[in-house]
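A.B. asks: Kindly generate the complete structure, drawing on both the sequences and the hints.
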Amino acid sequence: MVFYLFMLLLLLGSTLVFYSLSPYYAALGLMISSLFGCVVLTSLGLTFLALLLLLIYMGGMLVVFVYSSALSADRYPMVSNLGEVVLLFLLLSFWVLFIFEDFLESSTLFNLLSPLNDLSSLSVLYDYGGAYLLVGGLALLVVLIVALVVSYGSSLLALRAS
Amino acid sequence: MNRLVNAFLLTSLIAGTSLVIFSNHWFPIWLGLELSTLSIIPLLSYTSQSRSVEATLKYFLVQAFSAALLLNGAVLNLWISNSWDVNSITSPISYFIITAALIIKLGLAPCHFWFPDVLSGLPFLSTIIIACWQKIAPMFLLLSLSNLVSSEIIIVCSILSVLVGGWGGLNQISVRKILAYSSIGHLGWITCVAFFIPEVSYLLFLFYILNNTAILLICHNGSLYYLSSLSKSNVIPITAILFSIALLSLGGLPPLGGFINKVIPLIVFSLNGNNFIIPFFLIGSLISLFFYIRIVFNTSLTLFPQHSLNIVSFRTGNSSLSQPIISTLIPITIWGLLLLPIFFLFI
Chain A
1 MVFYLFMLLL LLGSTLVFYS LSPYYAALGL MISSLFGCVV LTSLGLTFLA LLLLLIYMGG
61 MLVVFVYSSA LSADRYPMVS NLGEVVLLFL LLSFWVLFIF EDFLESSTLF NLLSPLNDLS
121 SLSVLYDYGG AYLLVGGLAL LVVLIVALVV SYGSSLLALR AS
Chain B
163 MNRLVNAFLL TSLIAGTSLV IFSNHWFPIW LGLELSTLSI IPLLSYTSQS RSVEATLKYF
223 LVQAFSAALL LNGAVLNLWI SNSWDVNSIT SPISYFIITA ALIIKLGLAP CHFWFPDVLS
283 GLPFLSTIII ACWQKIAPMF LLLSLSNLVS SEIIIVCSIL SVLVGGWGGL NQISVRKILA
343 YSSIGHLGWI TCVAFFIPEV SYLLFLFYIL NNTAILLICH NGSLYYLSSL SKSNVIPITA
403 ILFSIALLSL GGLPPLGGFI NKVIPLIVFS LNGNNFIIPF FLIGSLISLF FYIRIVFNTS
463 LTLFPQHSLN IVSFRTGNSS LSQPIISTLI PITIWGLLLL PIFFLFI
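Quick note, the sequences are listed as chains A and B, same order.
Position 76 (the first sequence) corresponds to 76 in the working numbering; numbering is contiguous.
Position 323 (the second sequence) corresponds to 485 in the working numbering; numbering is contiguous.
Some hints here could point you the wrong way.
[Unchecked claim] Just some of the chain A residues that point at chain B, by a computed CB distance under 10 angstroms: (1) G129; (2) G130; (3) Y132; (4) V135; (5) L138; (6) A139; (7) L141; (8) V142; (9) I145; (10) V149; (11) V150.
Derived by calculation from the structure, the hints in this document are not laboratory data.
Glycine is no exception: its CB is placed at the ideal position from the N, C-alpha and C atoms.
C.D. replies: Here's what the structure looks like:
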């Protein structure tokens, strides 16, 4: 039952992302959804993936998002519509609960006794799937070059916000 | 743009498409599709004109959404069938999601709305990449899926594509939009055969790509962006004649090579007893033949009132690097019908 509460809070975070008026509350929603995504993964025993998710979301993506929204958002942002967001979230969750009502009766086992369930399959990524990592890294290099070329702008001096 | 960056991006574009074709695990397929999408973004928007940038943005959004949908379908297939293998599509829902993603990527109706918008904002060399090269990977996936599961959604989408391609191109004055709608119609003809014999679709797709590339290169050479510039173009006179022949071949007139693209699907349909869908294809291609003939008419069949010095011109037009490529591709449109017996290997 607690498991579904965590997933509902994940839904609240994502509702906050797409329905809020100002990008700062969207960043808050991203933070909430990543946090509860980690909690959901940990309660299934996949602790390494949870930590990886938290690191990349909070430490990488969210920092970039907050900086770019601070550069480009409105000067006097509107105060949030938090009441409407909570109302939308409650409507969505009640709609889902009424459809999947019998799903709630079953219990999910928490695998907290044997954590690190994911390491046995994660090691395959580095062993047999080494080529995928290499190609993924090359793709990220292409993304970096594309981002630099696209944002070069008309001023040939430096990477500017204009 | 810097030459090294240009070469790097073209290399990664080719690498992305090759990654899609040569793998049977869904993850590198998704990776290759995203890599090819990302690496052409600077190639499309290097001129900072607002039309190109808007077209690039639209293209990126559509392709990224459909690649995410493809990954979603692949993960759903993993959940149901415990396999990342491309050849193990077991459930209809995952097949449907993956096919929907590929239909959005290809620009088949009913998901064709982005295609004329994107093509009409780009210069012709970028148009060649979007309309010819970028269709190879999703078409390959669609045809290899059709080898496993035959679903009628392909027939419905191809009939809609042919009709949309016909009616959509009727009132256009921009040559790029006309070629976009013609491309939608041709992809409709090609994908309908995939329901019956997918190997034949590869052949038809190759013909379509060669024909389309030749026409787009000629349009790039003469800067034929609008119908009004068709009569004032300065191309080498032989190119003007070959342009008309290539367009009539695209329309599917019999002694020319493009007739293969029409006669092979009709033979396949009637051999399988599926005569009901033939009138839809014929109506769509008849309407699209009208606007091909409109282009031919404005190019070489009419002499508009002009100064007599223009008729006797000493300049023979600009022949650039694309001229040998055009001259290599055009014979397919003229002698292509002699390749029809290849089809009888597949029956």
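A.B. asks: Holds or violated: the hint that A/V149 contacts chain B, with Cβ atoms closer than 10 angstroms.
C.D. replies: Interface hint status for A/V149: holds (4 angstroms vs cutoff 10 angstroms).
A.B. asks: Does A/I145 pass the interface check with chain B, least Cβ-Cβ distance below 10 angstroms?
C.D. replies: It holds, given that the least Cβ distance between A/I145 and chain B is near 7 angstroms, below 10 angstroms.
A.B. asks: Let's test the interface hint: is any C-beta of chain B closer than 10 angstroms to that of A/G129?
C.D. replies: holds (9 angstroms)
A.B. asks: Would the hint on A/G130 be counted as holding, given a Cβ-Cβ threshold of 10 angstroms to chain B?
C.D. replies: Constraint on A/G130 not satisfied, violated at 13 angstroms.
A.B. asks: Per the CB criterion, is A/V150 less than 10 angstroms away from chain B?
C.D. replies: holds (6 angstroms)
A.B. asks: The hint names A/L138 as touching chain B; please verify it with the least Cβ-Cβ distance against 10 angstroms.
C.D. replies: holds (8 angstroms)
A.B. asks: Is the interface hint for A/L141 satisfied, with its Cβ closer than 10 angstroms to some Cβ of chain B?
C.D. replies: holds (9 angstroms)
A.B. asks: Let me know if the C-beta of A/V142 comes in closer than 10 angstroms to any C-beta of chain B, holds or violated.
C.D. replies: The hint holds - A/V142 has a Cβ within 10 angstroms of chain B, the shortest such distance being about 5 angstroms.
A.B. asks: Classify the hint on A/V135 as holds or violated, based on whether any CB of chain B lies nearer than 10 angstroms to its CB.
C.D. replies: holds (6 angstroms)
A.B. asks: Can the hint on A/Y132 be confirmed by a CB-to-CB distance to chain B that is less than 10 angstroms?
C.D. replies: holds (6 angstroms)
A.B. asks: Can the hint on A/A139 be confirmed by a CB-to-CB distance to chain B that is less than 10 angstroms?
C.D. replies: With a closest approach of 5 angstroms, the A/A139 hint holds.
When held up to the earlier numbered hints, the structure conflicts with hint 2 and nothing else.
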